[in-house]
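S.K.: Keeping their order, the protein sequence lines are chains A and E. All the letters of the first sequence, read from the start, carry residue numbers 1 to 703 under UniProt numbering. All the letters of the second sequence, read from the start, carry residue numbers 1 to 703 under UniProt numbering.
What the hints contain is simulated information worked out from the structure, not anything from laboratory work. Among the clues, some could well be false.
A pair holds if it fits inside one copy or across any two, identical chains being indistinguishable in the list.
To be verified - Derived BS3-like pairs: lysine-lysine, alpha-carbon spacing no greater than 27 Å straight-line:
#1 K681 / K552
#2 K351 / K703
#3 K686 / K651
#4 K408 / K351
#5 K552 / K682
#6 K406 / K351
#7 K552 / K703
#8 K623 / K351
#9 K651 / K552
#10 K33 / K605
#11 K342 / K455
#12 K427 / K451
#13 K703 / K342
#14 K33 / K102
#15 K455 / K474
#16 K455 / K240
#17 K76 / K86
#18 K342 / K623
#19 K342 / K651
#20 K102 / K408
#21 K703 / K651
#22 K474 / K86
As the structure is a prediction and not an experimental result, all values here were calculated from the model.
Residues per chain are reported as follows:
Number of protein chains: 2
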Amino acid sequence: MKRLILTLFSLLFILIFGSCAKESLISEVTSPKGTNTINFFLSEQGEPMYTIIHENQMVIDTSTMGFEFKDQESLKSGLELLNITKTVEDEIWEMPWGEQKKVRNHYQGMIVSLKESKTPNRKLNIHFKAYDDGVAFRYEFLEQEGHDSITIMEEHTEFQLTGDHTAWWIPGDWDIYEQLYNTTKVSEIDAISKRDHPNLAATYIPENAVNTPVTMRSDSGLHLSFHEANLTDYSGMTLKVDNEALKLTSDLVHSDRLGYAVKTSLPAVTPWRTIQIADRAGDLIESRLIENLNEPNKLGDISWFSPMKYVGIWWEMHLGLSTWDLEATQAGGMTIDGGDVKHGASTENTKRYIDFAAANGFGGVLVEGWNTGWNYWIGFEDREGVFDFITPYSDYDLGEISEYAKNKGVEIIMHHETSAAPRTYEKQMDAAYKLMQENGMHSVKSGYVGKIIPKGEYHHGQWMVNHYRKALEKAAEYEVAVNAHEPIKPTGLRRHLPNTISAEGLRGQEFNAWATDGGNPPEHLPIVAFTRMLAGPIDFTPGVFEIALLQKPDNQINTTLAQQLALYVVIYSPIQMACDLPENYAGRPALQFIRDVGVDWEQSKVLNGEVGDFVTIAREERKSGNWFVGGITDENAREMTIDFDFLPEGKIFKAALYRDGVDAHYRSNPQALQIEQLEIKKGDSKTIKLAPGGGFAISLIAK
Amino acid sequence: MKRLILTLFSLLFILIFGSCAKESLISEVTSPKGTNTINFFLSEQGEPMYTIIHENQMVIDTSTMGFEFKDQESLKSGLELLNITKTVEDEIWEMPWGEQKKVRNHYQGMIVSLKESKTPNRKLNIHFKAYDDGVAFRYEFLEQEGHDSITIMEEHTEFQLTGDHTAWWIPGDWDIYEQLYNTTKVSEIDAISKRDHPNLAATYIPENAVNTPVTMRSDSGLHLSFHEANLTDYSGMTLKVDNEALKLTSDLVHSDRLGYAVKTSLPAVTPWRTIQIADRAGDLIESRLIENLNEPNKLGDISWFSPMKYVGIWWEMHLGLSTWDLEATQAGGMTIDGGDVKHGASTENTKRYIDFAAANGFGGVLVEGWNTGWNYWIGFEDREGVFDFITPYSDYDLGEISEYAKNKGVEIIMHHETSAAPRTYEKQMDAAYKLMQENGMHSVKSGYVGKIIPKGEYHHGQWMVNHYRKALEKAAEYEVAVNAHEPIKPTGLRRHLPNTISAEGLRGQEFNAWATDGGNPPEHLPIVAFTRMLAGPIDFTPGVFEIALLQKPDNQINTTLAQQLALYVVIYSPIQMACDLPENYAGRPALQFIRDVGVDWEQSKVLNGEVGDFVTIAREERKSGNWFVGGITDENAREMTIDFDFLPEGKIFKAALYRDGVDAHYRSNPQALQIEQLEIKKGDSKTIKLAPGGGFAISLIAK
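Based on the provided sequences and hints, a complete structural model is requested.
M.R.: Okay, structure coming up:
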């Protein structure tokens, strides 16, 4: 009955708000609870069209769909209905690691089969899925006589907004996602103005487009986030912005080398185009829509990888204290005059980090700059064959270190910087992953700094999408998990390939050490939590305690120390770095929180939050049943009351509350911290002050 | 010139305050700065007498000296002056470990040689030393014709007080020092009333006497502490109290078995009788008088022992969670019905503690109950031959554990409970210490619970004094350091034998787990710091975090959690235990303080303090230059302002302040703790609130 009413409602709305083009409703599908409805139409010219209704409110007005090809006519009109299939699915699947253990995949679907009225009568299927937390659709290209593949020049998927929403966006860069988020009305989005960022090794912004996830809030307070799921053998989708019409249109990353966007053999499906829809901002974070739209686990048991906290030889390079290259000419991404700066990845220094990790129960030690090639890794046109993923520098005894780490119960995290020369990397992949397996390493951080070689390819194009995928599949053969930096954006692939453990793909902590624009502002992470984080785990590398960055007088972290702690809960990743120097943790009681905090979760709850302003998340650790809470704010101080109703009945928790000191401020007094030890149970509540740029973290240890 | 004036002064005072007995000043000696003066007299009857003057104030009025022997006439009068020798010494010596590195031994001395006027013309020398922080004297017995030894029945050394001072005292128990301190006027000291304490395995209080150190404060605010130094081949001295005359008289512990107090071959010297004198209570703690009166280091380099923090299988027995004996019949010193209680010292449980120690940078793991004998260790008349110091229980693999500990960089601390059967222990000493050396153990905790076997001997008599010494000397041969429980009181021997690392000899933490009198009251440690602690290092075993003692509903620690932290600085020992269960430290940010706090000091400063009320001590760690501050209070809340003038010029310290939570109280809310992180430099000051039974601890890590 409810379904019927909603259908009537939606019809009604179409009559009222429907675009002027004359069209007829073909069919509609509504989410299990009736929250979201997708309507599909065909125009008189046979153009496929759709609208999205959320709780009686039109959120996407009539929007068309279509494709342009290299060697065929475009496919956007002249289509007629062949058939409609309705589907219902309700499954529960388990994440081997994640924000929660059990995930419910519950939707109602519709497959619309279309056919060209005139020859060559090409067929096109459109798959729709209506979830209570959003909607998704994708295109299916069927066999065609005389064509074993298609070459897509452009995809025209429209998202017609129904208002001039507030948008949190980064430019539609084909090479990198490491920009600050902008907060503007859709009508004011200007990606072009974001070209030529001085701190980006590779950036290309051809259009006034945005990258996904892009999140918006309507004047009525409804939240929308646009992204894609299961990006496989296809190029990344940016969204071109029509500032007047308030319309987003898919704009695929091209290969200038090959002269097209996507080439794929038939039959083929595109990635899912997704819209997460939520009245409450926090529901965007709790949504598992993106993972649900991916294929089930293909790797089976991956117990060889365990979520962990790690330290590493990394931050000291960004502070200019040591270098990646043996000759000590590279630090903080810049060429330096060595002076008394030394190569970071020495056997001795690595052991120092291993000792620190062991003494604090951290599982991993990342070592960057261990292998040859770093002296030509950046600022050179031809970087093919420069990096060697097998050969350590002369001062790095890989065997001795692996043994030393093993005896201390610590695992070395491998590092593979490709300098955006993927062909060189692919040649060595087998050997490189084999070396890791032989030395008991089960995770690798990969990097793709710089412009892609060959010229004309971009990080987010199909060619690189397939490279990133190849690395994951190859790594899995050797029981290696991948944490890619300068990656393709996550699209939920971790469900299918759970060795996809984390990724960068945003402006991370490192920018705070050297960005010439003053580093990440306090609003950065309160935006990231509602944008980039909807795509998947983030290797943000929190945990800077020496926030003033003594070695970098012009830079400083724009958060308080308490917020650095909160990030271990707020920003999800199965691997979390304690990125500061061991000596900077000495004598810091706040270190206890990093020692305690979980990295693998039974469940997660967003207690409060507004995009770009603040967010508080509570997560229950698997096995232990301990809970951890993290809250962060932007440049504004706030007072929050946390209700501990999420705790289990009748259990008392040993709680430690880490919060901003009385006079804490992200600029003037970032390290003022107060830690309070107390006992907390369900029903208790606590009011906490957050300083400007501040935060808080709570550990709740089950007694 | 100054000396002369003082001499005149002292003469003047003698005329005014001198006792009525007619006597003549023989000579006097004054401390280097002229602070303290000792006057020596002979009465008309040839009785040796002395007085002590401090800053023009008589602190000890005319007091006589003398001895009674078994087979000779007593020697207390009829003496005439033979000769007087004046000495001056000013040396600086180094403590291999200690409250400070360099110690200045600066005094002016006088040796008075006396001789009986009539036959047998026995000679007696009295050595006096005047320090600016106190005075000391001892007796020297010279060769006598026809006597190669003397047998002392009693020593009559008087200390005639000049007022009814407030005294902090424990009864003159010949077997144990584990009583609570009493605070009364001297006229009200009643040791007899302290007999038959229900929680003491051996106690014998024959007289209205007190044990030393006993500390007093005069109405004018002057502090005196009476003790002895270099107790060698002699019996311990208690001080008999004359409540009317306000006089203390030495009362030696006797051997009822042998029928005398001391037998010693000639020539011989007695221990030093010492009086520490201070206007400011804190100066008593800063005084190194006791160590200065001992012989120089006889062992030389003892780098095989390093000061350390340690954990151990110990508190869990006191909580009744596990047992010393394999059969699980003994817990918390009481016979129990095993039930699901298990033997504590299993290989598996020991490894758990080793892992915890390694993960927190603690150097040692104490394992009690590892060896056979525990099922007959207490409550049996004949305990000779019961304990075996070589044979582990069947569930304790000593070799495997030693190897496991070694690989984790942790050292096992051996445990030797003798159940007060020293002859059994002496038989096995060589084998026992050899076993330790073979397994890389360099320290032992020894115990002497119960009444001494053979009957008629007491813990504090000459026979046991020599046993404790023998253990130290024997242990040193095998590079073993000794931490004796139920020991003879420390008398500064650690200077001569620096493997004398620590000792119990007071009512320690363990009483809080089961004492039927409600445990140590909040004033206990503010008294201990000015009494027992003047004798030497204390193995108090601080660090209980689960203060409510969930397993012991009738018991609880009478301090706040913050005070437990403060004790690591306030109560000095080169080995400091983190005595609580590993699980009780989980998730506690306060653990960071124990991880950080030093155990070996370059210098120590008492910032404030009043006996029995409160005390704050700051100590600088050797090598690191880090500073740590601890402050504790009694049952009264206080506010203190700490000035950080003791810090070096121009250095900034990363400070963590651990203090009582707003509503903290040692009974109702002992675990409320606040930790504040800040930066501190010389010249800064901080006002801190201490809760009833509370305290605070500050770590200052050099940046």
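S.K.: For this structure, which hints from the list above don't hold up?
M.R.: Of the numbered hints given earlier, those the structure breaks are 11, 20 and 22, listed in rising order.
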